[in-house]
Amino acid sequence: MSAAATGPLAGGLARGRAARRVDAAGWGFTALSGFAALLIVAMVAVIMGNIVWFGWRAVTWDFLVKAPAEGMTAGGIFPAIFGTAALVVLMVVALVPFGVGAAIYLHEYARPEAWFTRAVRFSVNNLAGVPSIVFGLFGLGFFIQFVGRGMDRALGLDVVWGQPSLMWAALTLALLNLPVVIVTTEEALRTVGHDQREASLALGATRWQTIRNVLLPQAMPGILTGAILSVSRGAGEVAPIMFTGAAYFLPYLPASPTDQFMELGYHVFVLATQSPDVDQTRPLLYGTVLVLLLLTFALNLTAILLRARLRARLAGRS
Amino acid sequence: MRGGRFILYAAGLAAALALSHWGCAQRERALTIKGSDTMVILGQRWAETYMKEHPGALVQVTGGGSGTGIAALINGTTDICQSSRPLKDDEKRQLTEKFGGPGHETIVAMDGIALYAHQDNPVSEMTLDQVKAVYTGAITNWKDLGGPDAPVVVYSRENNSGTYEYFKDHVLGGADFAAGVQTLPGTAAVVNAVAQEPRALGYGGAAYAKGVKEIAIRRDASSPAVLPSLETVRSGEYPIARNLFYYTRRAPEGAAKAFIDWALSEAGQAIVTEVGYYPVR
Amino acid sequence: MSGVPNTIAGDRSTALARRGRRRWTEAFVSVVLRLCAFTAVAGLLLIMVFVFREALPILTDPEIQREASIAKFFATPLWQPVGDVPKYGLAPLLVGTLKVVMVAMLFAVPIGVLAAIFASEFAPPGAREALKPAIEILAGIPSVVLGFFALIVMASWLQGLTGSVSRLNALNAGIALALGVIPTIFTVCEDALRAVPRSYREASLALGASRWQTAWNVTLPAAAAGVAAGVLLGLARAVGETMIVLMASGNAALVSASPLDSVRTLSASIAAELAEVVFGSAHYSVLFFLGAILFVTTFVINVAAGLFVERLRRRLAGA
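Protein chains in written order, with this note's numbering: chain A, 1 to 318; chain B, 1 to 281; chain C, 1 to 319.
So that you can see chain A by itself, here it is in the shape it has in the complex (with noise of 0.2 Å):
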């Protein structure tokens, strides 16, 4: 080493140290992402794990199928389960035909530099970002002060709807899953190719012929995979419904668009946060929660499916 360090080749090997030490400090950034992976998996095992570990054992089939017992310390949390129900069916009812709409427009009727076709492409953007309590607030606002409250003078009513309700928290919901559905819709619209509009069209089909027979069945993955994606989600924000419609305890099952509804992410926060005796629910806190995350992952994982499905036959088809 020591005859070759000074010589024709020096500069060479001089080079090559201190590529290496270079190396070192490249090794040193590419060792802190890969601990930022890891620390990810870890934190996500770790929250996974202890929620499992903790709520397995509760996670009865009598703790599915009965209601709240004793102040909250026993029984089972049905009635909860049947609430979120009831509200993402509503929800979704209300919410997919607008959100697919607003979708086939903006893929087959917009042109792309019109004035209305920006301003939907933005406030679709910027829905998206709206804070969830803001919704919360927009829901009593808007949804049962002034449309409750002037239904209920419009039809002589004393308190109906103007307080909250399934309907109200659903309508909230909603709006704010809008956004969801028309990115996904139109991902799926996307997907089927040019050349099938373009011959259903050669053959005299009209435009909404064209969209009925021909796209929106190919496109129903993608517009499934949205409104999958907003049940997942409307079943667990609590910030909405929490003044909309979502109650601690009631003692019978909603069973009209007015009536009030038990749901899953509120009770883990009333459990959480003001059960009336700690140690005792917590096993049923645990499976609470537990079950909202199993619904969840359920349907998050269906809508990863079907839009990998979509993705594999967009990459077939270019």
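Honestly, the hints are just simulated from the structure, not real lab data. None of the values given here were measured: they were computed from a predicted structure. C-beta atoms are modelled at their ideal positions from N, C-alpha and C, and glycine is treated no differently. Errors might be hidden in some of the hints.
Across the chosen pairs, the derived CB separations fall in these ranges [as the list claims (entries may be wrong)]:
# : chain 1 : residue 1 : chain 2 : residue 2 : range
1 : A       : D158      : B       : T140      : 49 to 57 Å
2 : A       : A74       : C       : W157      : 24 to 32 Å
3 : A       : L155      : B       : K98       : 17 to 25 Å
Keeping the supplied structure of chain A fixed, place chains B and C upon it in accordance with the hints.
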């Protein structure tokens, strides 16, 4: 296409479920009781037992704090408001404006606000003035209370709580809480926090005091230190005793009257003792 | 058989009628779809109108202003809206929100951006298969569950680690908030990095740069606008998040510099106090005012993020 048919079936199923339920919407409108978090366990027990004894009756109890219940009473979204503090003049005025009367008050139980400390905390007595000093920030260390040299971790309820208001009015004399006091949304949360934190001090309904130690309170330096109990609360010896109320917009009638009358009966008041509060009679 | 005009003599009138019906259907459908698209615009407009409308009395109604006004917001350092003399000092809420958001971004930005770089530049395929699902799971965890975890589990750990006086504090809420925000930052950054054309990387590597040098000096700067957008979107989410801070931050309206102190944020105040306000009261208007502040802040951040995304798209489309 398979996906489309699946959607059709799912939608049909959902619609069928919905419709089948709409049919049985012919049930009684539930009696709603909203408000005090302190009283919600009592209210729920009452509701459970009442509904068992009177099949067909429906009573729905939610918490949220006395302020929530009073607001709901004024807003018209509840039948009965359960409150752990009396109505303020301003609230009575709003009720009169909207409904023609300042609301109807019924005392349904009594309660002592206990001061909670950790089980291992050596301090077991405080004077009212010391309690006030801790909560307004004048005393910040347990050594000024006869305990170890450690900062006091102070817990309170959120400001929508009747317990919070009662405490502010009667113990703090209307003074503001110190800014560093941590607020929790329910008495159970306060108890939970105190049970886990050796340096903590919290307050709430005596019925919730499980797993923590109650501090005996002296009215002033020369009075005896008293723990909340049936006798001391009834007699007024325990300085932080209060009434628990049910408020209705007008004199109770119909389902509300039946329920309140039952709550004041022997059966109802027996439940009060079971839950940990003190009966009115 | 749809759409084929039937011109066989004798069916002329039916054909014309069918064409007329179709034209009417087309027009009808076009209007309906336009209305559907309009709901997005209407929704955003209505939110703005109604939140601002209920907050307006702070600026216009003298009776409300006796209790709460812009001047009063800054006249007192205390937030005690319930009492004989209600005090609506905004300072503790603003400081609280800022503290929690800063702690959250301090954790989320390095972790999110570095992990995204790892996933798109360095990761062996096995690692990427582990990372993507982890991020999807994290993204799918509702914020109420993150708040629950922070309240019940993480707070005790952190207290053991830091010995802080308050079990629920800005650090606890900040870390939980970071968990909620990391998926957003990661996803947007990773998309941006992936959008950088391979030619950039290949050219750099061909010139002798190592992988990390390429990532740091070529790919990252090229995707910079996207990374900025990701960070901004994460920031907006952090500012607006409610359940996590409501459950994990202690909710004490305190002005202090230490992250180990309890904080009260704008969003948590709204959530905690909205249930108990009488509609039309000063407190009610104040809470809507807080909502308006949140809305405007997140709106501005989101618009900025949108501009960055546009810039990224234009820049990479040119290559």
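Against the structure, the hints:
no.	hint	result
1	A:D158 - B:T140: 49 to 57 Å	holds, 51 Å
2	A:A74 - C:W157: 24 to 32 Å	holds, 29 Å
3	A:L155 - B:K98: 17 to 25 Å	holds, 20 Å
Going through the hint list in order, the structure satisfies each hint without exception.
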